[in-house]
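Visitor: For reference, the chains in residue letters:
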Amino acid sequence: MAEYELDCLGEACPIPLVKAEKKLAELEIGDLLIVLIDHSCAMKNVPEWARKEGHNVEIEEVDDGEWECVIEKVK
Amino acid sequence: MALKDNEFYKMWFKDAWPYITGAVLLSAFQVFTLASTGSPWGVSGVLANWGAWLYEAVGGTVDKWYYFASVGAQRTLEGGFLSDTGSMRNVGIILGALFATLMASQFKIKKIKSWRQIAAAVLGGLAMGYGARIGFGCNIGALFSGISSFSVSGWVYAIFLFAGAYVGSKLLVKFFM
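Chains as they are written, first to last, in our numbering: chain P, 1 to 75; chain U, 1001 to 1177.
Hints may be right or wrong, so weigh each one.
Said to hold, decoys possible - From the structure, some residues in chain U lie toward chain P, with a derived Cβ separation under 7 Å:
id, residue
1, Phe-1081
2, Thr-1085
3, Gln-1106
Unchecked claim - Here are the computed lysine-lysine pairs in the DSBU-like style, where the Cα-Cα straight-line distance is at most 30 Å:
id, chain 1, residue 1, chain 2, residue 2
4, P, Lys-22, U, Lys-1170
5, P, Lys-23, P, Lys-75
6, U, Lys-1064, P, Lys-19
7, P, Lys-23, U, Lys-1113
8, U, Lys-1108, P, Lys-75
9, U, Lys-1010, P, Lys-75
10, P, Lys-23, U, Lys-1108
11, P, Lys-52, U, Lys-1014
12, U, Lys-1174, P, Lys-75
13, U, Lys-1064, P, Lys-52
14, P, Lys-44, U, Lys-1014
15, P, Lys-23, U, Lys-1110
16, U, Lys-1110, P, Lys-52
17, U, Lys-1004, P, Lys-75
18, U, Lys-1113, P, Lys-44
19, U, Lys-1174, P, Lys-19
20, P, Lys-19, U, Lys-1113
21, P, Lys-22, U, Lys-1064
22, P, Lys-19, U, Lys-1108
23, P, Lys-19, U, Lys-1170
24, P, Lys-22, U, Lys-1004
25, U, Lys-1170, P, Lys-44
26, P, Lys-19, P, Lys-75
27, P, Lys-75, U, Lys-1111
28, P, Lys-75, U, Lys-1064
29, P, Lys-52, U, Lys-1170
30, P, Lys-44, U, Lys-1064
31, P, Lys-52, U, Lys-1004
32, U, Lys-1170, P, Lys-75
33, P, Lys-23, U, Lys-1064
34, U, Lys-1014, P, Lys-19
35, P, Lys-19, U, Lys-1110
36, P, Lys-44, U, Lys-1110
37, U, Lys-1111, P, Lys-44
38, P, Lys-52, U, Lys-1108
39, P, Lys-75, U, Lys-1110
40, P, Lys-44, U, Lys-1004
Simulated from the structure, these hints should not be mistaken for laboratory data. All values reported here derive from a predicted model rather than from experimental measurement. Cβ atoms here follow ideal geometry from the backbone N, Cα and C, with glycine treated the same way.
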C-alpha cells in the first residue's frame, strides 16, 4: 500500500478533478491518494466524483481555504 | 461550544447552500432588480462603464465611441459611479463574496502556479469581455436575464455557451494537464 500526494494548490476547477482522475487510474488497489486543494468548488467535486466511483473518501480542512482530500482506491 | 461546531453557523456560512436555494434567491432578486431599477440584472455592461470612467480619469474621452453614443449611455456616464445602480450592485457582489468567504473562514490569497495561468486568465478575460459586449450581455445579462424575460436570444445564447464551454474545456485539458 503506497501513499501519493497530488499538489493542486493554486489550480482552479476543473483541473484538480481531471488531475485526480488521471492520477488515481495509475494507482494500485489499496493505495492512498492525497489531493491538496484550495479551490472551494474542487473541494466539492473531487470527493463527489471519488465517492460516486465507489472509493473511500475523507475530506479535511487543514487551513483557511485549504483542504486535503484523501482517496483510498478500492477497485 | 465553538462557533465552528454550531449547526446554524455551518448551515448559513460554512457549507455551500443548496442549488435550489440559490435559484429561488436569484429569481426573487431578479424580480426586485427589475421592479426597482427598471432593467433586468446585468454585470458586464457595468464593467464597460467602469472602463470608460477609468479612461476618462486619465484624460481620455469616449464621447465619439459608437458603443457609448446612445443618450442612455451618455447619461449613465455623466451621472457617475455613485449614482449608477449597476455599479453599486457589482460592488455589492464583490463585497458580498468577500463577506461570505470571510464568514466561512476560507479566505486565501492563492499563489500563481505558472505563466500559463496568467496568459490564460488575460486571454480568457479579454475574450469574455469582448464577447459579452459584442453579444450585448454576459451569462447574466444575456442568459439569465434574457431567459427570465422570455427572450429567445437567451436560449440561443445558451446553445452557444455550451459549444464554447466544450471547446474551452478541451483547450484547458490540452494546455493545463
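Visitor: Would you mind marking each hint as holding or not holding in the structure?
Guide: Verification of the supplied hints:
1. Restraint check, Phe-1081 of chain U versus chain P: the minimum CB separation of about 30 Å is more than 7 Å; hint violated.
2. Taken as an interface hint, Thr-1085 of chain U does not check out: its beta carbon lies about 29 Å from the nearest beta carbon of chain P, beyond 7 Å.
3. For Gln-1106 of chain U, the interface hint holds, since its Cβ comes within 7 Å of a Cβ in chain P; the closest pair sits about 4 Å apart.
4. A threshold of 30 Å between alpha carbons decides the hint, and for Lys-22 of chain P with Lys-1170 of chain U the separation of about 15 Å falls inside it, so the pair holds.
5. The hinted pair formed by Lys-23 of chain P and Lys-75 of chain P meets the criterion: a straight-line CA distance of about 14 Å does not exceed 30 Å.
6. Between Lys-1064 of chain U and Lys-19 of chain P the alpha-carbon distance is near 49 Å, which puts this suggested pair outside the 30 Å criterion.
7. As the CA atoms of Lys-23 of chain P and Lys-1113 of chain U are separated by approximately 19 Å, the hinted pair is consistent with the 30 Å bound.
8. Restraint check for Lys-1108 of chain U and Lys-75 of chain P: not satisfied, since their Cα atoms lie roughly 35 Å apart, outside the 30 Å limit.
9. The suggested pairing of Lys-1010 of chain U with Lys-75 of chain P is violated, with an alpha-carbon distance near 33 Å, which exceeds 30 Å.
10. Distance hint between Lys-23 of chain P and Lys-1108 of chain U is fulfilled; the C-alpha atoms sit about 26 Å from each other, no more than 30 Å.
11. Of the pairs offered as hints, the one joining Lys-52 of chain P and Lys-1014 of chain U holds, with about 23 Å between alpha carbons and a cut-off of 30 Å not exceeded.
12. Taking the CA atoms of Lys-1174 of chain U and Lys-75 of chain P, the gap is near 28 Å; set against the 30 Å cutoff, the hint holds.
13. For the hint linking Lys-1064 of chain U to Lys-52 of chain P, the alpha-carbon distance of about 57 Å lies beyond 30 Å, and the restraint is violated.
14. For the given pair, Lys-44 of chain P sits about 13 Å from Lys-1014 of chain U by alpha-carbon distance, which is consistent with the 30 Å threshold.
15. Restraint check for Lys-23 of chain P and Lys-1110 of chain U: the C-alpha separation of about 23 Å stays at or below 30 Å, so the hint holds.
16. With a CA separation close to 29 Å, the supplied pair Lys-1110 of chain U and Lys-52 of chain P stays within the 30 Å bound.
17. A C-alpha spacing of about 35 Å is found between Lys-1004 of chain U and Lys-75 of chain P, which places the hinted pair above 30 Å, so the restraint is violated.
18. About 21 Å separates the Cα atoms of Lys-1113 of chain U and Lys-44 of chain P, which keeps this hinted pair within 30 Å; it holds.
19. Proximity of Lys-1174 of chain U to Lys-19 of chain P is assessed by CA-CA distance (about 12 Å); at most 30 Å being required, the pair is judged to hold.
20. For the hint linking Lys-19 of chain P to Lys-1113 of chain U, the alpha-carbon distance of about 15 Å falls within 30 Å, and the restraint holds.
21. Under the criterion of a C-alpha separation no larger than 30 Å, the hint pairing Lys-22 of chain P with Lys-1064 of chain U is inconsistent with the structure, at around 53 Å.
22. Distance hint between Lys-19 of chain P and Lys-1108 of chain U is fulfilled; the C-alpha atoms sit about 22 Å from each other, no more than 30 Å.
23. About 14 Å separates the Cα atoms of Lys-19 of chain P and Lys-1170 of chain U, which keeps this hinted pair within 30 Å; it holds.
24. The suggested pairing of Lys-22 of chain P with Lys-1004 of chain U is violated, with an alpha-carbon distance near 34 Å, which exceeds 30 Å.
25. Taking the CA atoms of Lys-1170 of chain U and Lys-44 of chain P, the gap is near 22 Å; set against the 30 Å cutoff, the hint holds.
26. This hinted pair checks out: Lys-19 of chain P and Lys-75 of chain P have alpha carbons roughly 18 Å apart, not beyond 30 Å.
27. Taking the CA atoms of Lys-75 of chain P and Lys-1111 of chain U, the gap is near 35 Å; set against the 30 Å cutoff, the hint is violated.
28. Among the hinted pairs, Lys-75 of chain P with Lys-1064 of chain U is inconsistent with the structure: their alpha-carbon atoms are about 65 Å apart, more than 30 Å.
29. With a C-alpha separation of about 23 Å, the suggested pairing of Lys-52 of chain P with Lys-1170 of chain U holds against the 30 Å cut-off.
30. Under the criterion of a C-alpha separation no larger than 30 Å, the hint pairing Lys-44 of chain P with Lys-1064 of chain U is inconsistent with the structure, at around 48 Å.
31. Of the pairs offered as hints, the one joining Lys-52 of chain P and Lys-1004 of chain U holds, with about 28 Å between alpha carbons and a cut-off of 30 Å not exceeded.
32. Note on Lys-1170 of chain U and Lys-75 of chain P: the hinted pairing holds, with a Cα-Cα distance of about 28 Å set against a maximum of 30 Å.
33. With a C-alpha separation of about 55 Å, the suggested pair Lys-23 of chain P and Lys-1064 of chain U falls outside the 30 Å cut-off, and the hint is violated.
34. Under the criterion of a C-alpha separation no larger than 30 Å, the hint pairing Lys-1014 of chain U with Lys-19 of chain P is consistent with the structure, at around 26 Å.
35. Using a Cα cut-off of 30 Å, the hinted pair Lys-19 of chain P and Lys-1110 of chain U holds, with the two alpha carbons roughly 19 Å apart.
36. For the given pair, Lys-44 of chain P sits about 18 Å from Lys-1110 of chain U by alpha-carbon distance, which is consistent with the 30 Å threshold.
37. With a CA separation close to 21 Å, the supplied pair Lys-1111 of chain U and Lys-44 of chain P stays within the 30 Å bound.
38. A threshold of 30 Å between alpha carbons decides the hint, and for Lys-52 of chain P with Lys-1108 of chain U the separation of about 29 Å falls inside it, so the pair holds.
39. For the given pair, Lys-75 of chain P sits about 34 Å from Lys-1110 of chain U by alpha-carbon distance, which is inconsistent with the 30 Å threshold.
40. Of the pairs offered as hints, the one joining Lys-44 of chain P and Lys-1004 of chain U holds, with about 19 Å between alpha carbons and a cut-off of 30 Å not exceeded.
In this structure, the earlier hints numbered 1, 2, 6, 8, 9, 13, 17, 21, 24, 27, 28, 30, 33 and 39 are contradicted, and the remaining ones agree with it.
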